[in-house]
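Quick mapping for you: the protein sequence lines, in order, are chains A and B.
Per my numbering, residue 2 is the first one in the first sequence, and the count goes up by one each step.
Per my numbering, residue 443 is the first one in the second sequence, and the count goes up by one each step.
Honestly, the hints are just simulated from the structure, not real lab data.
For every residue, glycine included, the Cβ atom is placed at its ideal position computed from N, Cα and C.
Misleading hints may appear alongside valid ones.
Claimed, not checked - The calculated DSS-like cross-link candidates involving lysine-lysine, where the alpha carbons are at most 27 Å apart (straight line), are:
id	chain 1	residue 1	chain 2	residue 2
1	A	K224	B	K843
2	A	K21	B	K473
3	A	K325	B	K538
4	B	K830	B	K776
5	A	K47	B	K529
6	B	K714	A	K325
7	B	K908	B	K830
8	B	K538	A	K21
9	A	K325	B	K848
10	B	K593	B	K776
11	B	K1153	B	K1131
12	B	K776	B	K714
13	B	K761	A	K325
14	A	K224	A	K191
15	B	K1153	B	K1052
16	B	K908	A	K21
17	B	K1026	A	K21
18	B	K761	A	K47
19	A	K21	B	K830
20	A	K325	B	K1153
21	B	K593	A	K21
22	B	K1131	A	K21
23	B	K538	B	K589
24	A	K325	B	K529
Unchecked claim - Cβ-Cβ distance ranges computed for the label pairs, FRET-style:
id	chain 1	residue 1	chain 2	residue 2	range
25	A	E370	B	E460	41 to 47 Å
26	B	R580	A	D324	42 to 48 Å
27	A	P10	B	D1019	22 to 28 Å
28	A	E370	B	T757	21 to 27 Å
Each chain, written out:
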Amino acid sequence: MTSEPANTPTQRAVENLAWKLRRRQIVGSRATALETLLVLRQVISKSRFSSMEQLVTIIRAVGRRLVEAQPKEHSVGNTVRKVLHHIREEYHTATKGTAIESSSGFSISKFVLLGQPRKQSAPAKAESKGTLKENDPDDPDSFARSLKPVLMEAIQDVLDELETVYDNVSKSAPNHIHSDEIILTLGMSKTVEHFLISAAHNRNYTVMVLETAPSYGGRDMAKTLAAAGISTFLVPDSSLFGLMSRVNKVILGAHAILANGGMFAITGSLLAATAAHEHCTPVVVCAGQFKLTPLWNLYHEYGALDFSDPSQVLGFEEGSLVDKVDVVNPFYDYVQPNLIDAFITNDGDHPPTSIYRLIKETYDDEDNEL
Amino acid sequence: MAPKAASGKEKLIDEEDEVLQAVILADSFDKRFRPLTRRTPRCLLPICNAPLLDWTFESLALAGVQEIFVICRSHAEQVKNAISESKWSRPGSGIKIVPIMTAKETFSAGDAMRDVYTRGLVTSDFVLVMGDLVSNIRIDEVVRVHKERRKTNKDAIMTMVVKESGAAHRTRPQGDSSVFVLDAVTSECLHYEPVSAYPRTAMTRIPREVLESHPEIEIRNDLIDCSIDVCSVEVPSLFQDNFDYEDIRRDFLHGVLTSDLLMKNIHCYVAKDGYAARVKDTKSYESVSKDILSRWTFPLVPDDNHPGGHVYQHTRGNKYLASDNSVSLARTCKIGNNTLIGASTKIHENAQIAGSVIGQNCVIGAGSIIDGSYIFDGTVIGAQCVVKRSIIGAGVTIKEKTRIEKGCLVGDGVVVGPLAVLDPFERLSMRRDKTAPVEEEEEEDEDSDIEEIEANQDKTSSILGKDSNAMVWPHGPFDDDDEDDIAAYKNQRIRRLGDNGSDLELSDEDSESSDEESDESSEYDSGNELPTSANTSPLATPTFDALAPPGQLQDAEFVIEVAQSLERAFAEGHSVDNAAVELKTLRMVSNVPLTRVREAVISAIVEDIKIVDGALPQRKEINRVIGRWGELIDRIGGVDAVETVSLLQMHCASSERFPLFGQILAELYQADIVEEDDIRAWHKSPAAKGVGLAGGPTAENVQRCWAVGAKMIQQFDEQESESESEGEGESEGEGESEGEGESESEGKGESEGKGESESEGESEGEGESEDESESEDESESEGESESEGESESE
């Protein structure tokens, strides 16, 4: 079942986003997550449902449409899964009065957690308790009416989490970066940028930024960091290995964190991580929790790398070469879990080996296949 | 909170009342893809398993176009159905697509544009593209630039998108490139010239006006013309006004650039990044396919945003397989790089496929070799076949052990083989079923062709096999409407798939070189900004020689026309404005250079001066005519006083009004049509002395005219010194240039301490008026003396 055709403005919003994802008009994991969340909020607020199953079906249908439109933007699916998880939690709180403390048991991630407790879902609203009645034949809308404010709150929670993700990730920055260290990073990652800048408030350290061809995001990164008063070096990609012996820590951003503890990250990350591995330099990945991805293109790792056009590497005007050279220009690298030492998320720090646990806590298993 | 955000979103959609419109000309107006296009319009031919039109829609959607008009002519019903069945007509696609069926009489892009105008389709600036475009250029950026420019310059009516490519690029059509002359700063297109491969265009002519008004220009032959034009609403109306415009480039662009009536500008947008190309012919079909497979069109690539809505899995080496697991690949088959295989296709043992696109539901038999070929949906290829660089239509059956050489086009539904052997560049289509009911009227014009083809079947050397239902299309020039030219045919050949034109004897036309590529690169592409003189100096080209005779004919007619129209104007006393407009129109009609117009006008004016006895009446007569009509010389478009003088000289030299030359010149000077500097400049030029003229009375007269000019200049010099150092003695300051004279007179004024001289200098107006009166006297006496002298000599 897809959402009913009467929902044309909603439908249009969903299609609109699907097209934008297909056409790559929205890129980047955070931007896509935000857009998805906004569309989901619109869908939930406009749709009519009289039971939990119906609501879940509607959201899943929307999620499936969006994920199919662009399977390479993993955070779209992640956001949908997260919303479903929160909705279920809210629903259980509302009906049973107490949330099923699914995440309160023993957990390695809890064990590793550095101080900040997970944000607990707010206790249910008093007025909605008890009055909730599914499939009421007299008033089919009553279920939706009573649940909707709670759902909106749940989505708002997710939204808040997205909006504060940089701050939360960078909270622990001073614990990871020490004075007089030399940090190596690459690409333009907002999370890493915030992390480094927040560490610079109490530490005095040096950053080396790789240019990160062919997107050259590193140049922008170096500019921002230098503007924030951090002593910054912009170095060509080729000198990565030579510099690695002087580097104390490699800090990377991620596009998606996979359940096996590996990640997709901008091209060059694999190179940097391998070089770091060779020098036994710790590799730390900064990323928001919305990048945790339970499902990805496992058997076609190559195809998931998102190859963009060759013009960044070989100019179109090099006419005579175009016919003779096959250019492969992947946008992302797959970095294996054994090359990564730690993930710093807005939900504490985790080793790659416990990511699966984190994913289990964040999403419901039944949503893995949307 | 939520409803508020939602309403905000809707409002955002409403806010964009300025809808970006696009017009797609979905008809190619040529027949390069036949026989593939016999049953399907070209825009519905699949490229990488999606109809071309869908790629075009997707390209436009990427640019944020919201309303698209598709102008279709041939197989219009098919196009319409395809649009209504496509994903675009589903709600939520965000794009409104309106198919417009034009009349059968629409034979060119120009006709289609006139149709756009009469239907009033467009309301604001719109994007004009062809129905065979594949692009990922941000057209919205081009539109923004265009609108920005329109704010300051209302005459900038069109912006053409061109893409830089190297000298030899597979996507740059060899036979169909063009030379763009651009202003280096504003990238205004100043001149355009198409380059044809056969006969080779070896030179280009750049009009002098271009060099005069633009200090820095770029002459470029490395641009791919993407045929993406951002047009203002005026453009369709211009087509309406000029009913003879057919091609957008050759006629419209050329017309606008050469017209000095319209005063419109066309700009180019040189796209630095992004990709855009048209599928104009089978050769570009191949190159665009390759570009898509090697991801130049990203994000418009099979595994990402396939316009046909198929989902493909991208694997190492740019191999794309339909990702619904319906493709069955035999264990021993070999799939090479840059290959796309559609859903439900079966590849049998030991088959080898490289650089090819295989449609959906195809079968490739065991041991077959498919190399660089494009196979449409539902085609079955038997065992042990070889297909090289060919396009195989939909539903074709190729039976076992058939060999298809490069460049073949096999139409839909053909059956060939077994054991068939096709020569290179063979074109096959299905033999018509004699019992079938009469086909749609659309086919009528083709029927005669086909009958002819059927009649000539025995000539071919290809073996079609015993089960074949195919007929072979003839090689060589077809007797199509205007393509019955050998040159046109050879030109076409270069654009065929797999044909590099190497066997064409290009050298007989152009002895300098025979190699296409090296020649082109050395001539145009070695430096984009060649010194302009190098490009303009050699004038004679084969192309232009060919055009010369009709041009001369027109010239003669034109002179007569001008004389008549001016005669009428003189007789009926038209205003100068009206006469000027009339002349401009005449010029437009007969397409002659400005110089010819000026020449004709001057001669007409001179001839209008009646020869009267006596110096004073003659002077009055000249005064009357020049005073009344002299202005016209400068009103015909462009002021070039030096040329005016030399034309006057030439005319007078061969006219019975030769004696009046001095007087007329003086009169022109009085009327401010000719300035002193102009006369000096004319006087210095070698042509004024009659250099290069053969002997005879004319040359003599020319020399005498020059002598008159010399006297005049002498007088100027005298006057100058006179007026500047009045009362100082007339003999001083002779032959001195202006600046020097001035400084000297100043110096004198100071040294002698005369208060008078200063006041003299201040009241310049007075001084000038004195000058004039004096010069008048002088020139008068001059003229008289001349005429006297003349009569003596005669």
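Check your understanding: Which hint numbers doesn't this structure obey?
Key -> 1, 2, 3, 10, 12, 16, 17, 18, 19, 20, 21, 22, 24, 26, 27
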